[in-house]
Amino acid sequence: MGLESNSKLVEVLGEKGRVSLNDWKEAQWAAIKIRREPITEEELYREASDFMSLFQQAVKEAFLSDIRDPVWLKMREMLSALSISRARRGFTPTEMATFVLSFKQPLFEALKQAHGTDSGALLSDVWMTTVLLDKLGLYCVEEYQKTREAIISRQQKDLLELSTPVVQLWPGVLTLPLIGTLDSERTQLVMERLLQKIVDTGSQIAIIDITGVPTVDTLVAQHLMKTIAAAHLMGAECFLSGISPQIAQTVVHLGVKFGDIVTKATLADAFGLALKRIGLVVIKKSGE
Amino acid sequence: MERIPILRMGDVLLVSIQVDMHDRLAQTLQEELAERVVKDRARGVLIDISVLEIVDSFIGRLLGRIASISRILDAETVIVGMQPAVSITLVELGISLDGVRTALNVERGMELLASSISLRTQE
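In the order they appear, the protein sequences are chains A and B.
First residue of the first sequence: 1, per this note's numbering; consecutive thereafter.
First residue of the second sequence: 289, per this note's numbering; consecutive thereafter.
Source of the hints: derived by calculation from the structure; they are not laboratory data.
Among the clues, some could well be false.
DEER-style ranges, computed between Cβ atoms [what the hints assert, rightly or not]:
no., chain 1, residue 1, chain 2, residue 2, range
1, B, Gly382, A, Ser286, 47 to 55 Å
2, A, Gly272, B, Asn393, 21 to 29 Å
3, B, Gly382, A, Gln196, 50 to 58 Å
4, B, Asp386, A, Gly272, 27 to 35 Å
5, A, Thr94, B, Gly382, 51 to 59 Å
6, B, Glu323, A, Arg193, 23 to 31 Å
7, B, Val394, A, Ile179, 32 to 40 Å
By construction, the Cβ of each residue, glycine as well, lies at the ideal position given by its N, Cα and C atoms.
Sequences and hints are given; from them, build the entire structure.
Put into structure tokens, the structure is as follows:
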């Protein structure tokens, strides 16, 4: 889609253009200031000027409504950088889109003045710019969304890393304090970590503590039993500890059979048993 | 033809699997081991699979079978040094190797066998 012959879009955007950059900036600043966002007036003005000059450039070069065209490459780069920085600062998608969409007002105003009474030409220019600016606005929101998703997935990964430590309680005794809901992916990671740690430390006993697991359903129980079976195959014994009264009732209600697996109510009990198994006795010092 | 050596240490037969197990080799091992248990009057069998990286369902079941055969011939089997990846695979395949004792390494496995043999001798 190209420009109509009687279009005044290039003209209003030109050197002597009538698009009031200042009005636009002021309007944006006023909208954002209410929320006291961590953005300075200068920064906002700079971004607005960048947007405007890139817009002018692209329109002058060739007016194309397809923003995937190379003409819009610089604009896309600028908008995606902007979206990323705003997404990180906690701007809402609406605020992000408003940045672009609010450009319509000063632009339409300038077009109105340039066209005077020729309403047909004005309408066609307004329509063309609306289509274009909407696309740019949507592009911004898309980029914003992508950034947010990247942040979320990174946090998920961090959480996974943080929530699966394997600690050594004593030479030969490992413990795995599980916190949070267990799903297949996490169980897989936990299982691999535990087994690797068993090899690395040559531990005979591993205690899986589920104090921090809110619910145990059949799937979680199955995951736990798989982990315990795998550890057993490697020659290590696994105890299960931290079973709350609530969970014990649920597990029995569900009909889950833990079989030969040693279960203890508290980690302390399990640790005591572990010490006994490796032939250690804790004795209180006499006379104290 | 490739063969897996079976070493004798006192009452115990020591098998260290250092090559990739294929089905024929595993079958041969089972047969030879049964013969050796009888011939050497072994009381224990220790199978070290610490360098084995891939175990399929056939090999997994065969390890269980070797243990059962040895038990009938009055020798206890201990499998030592199973790698994490292998143990996960076996669990996923549903092979739990019931009745087979396991240990982390050869040293622990020998201790386990020694204590169980002395226990059985007393009886």
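Consistency of the hints with the structure:
no., hint, verdict
1, Gly382(B) x Ser286(A): 47 to 55 Å, "53 Å, holds"
2, Gly272(A) x Asn393(B): 21 to 29 Å, "26 Å, holds"
3, Gly382(B) x Gln196(A): 50 to 58 Å, "23 Å, violated"
4, Asp386(B) x Gly272(A): 27 to 35 Å, "28 Å, holds"
5, Thr94(A) x Gly382(B): 51 to 59 Å, "53 Å, holds"
6, Glu323(B) x Arg193(A): 23 to 31 Å, "42 Å, violated"
7, Val394(B) x Ile179(A): 32 to 40 Å, "36 Å, holds"
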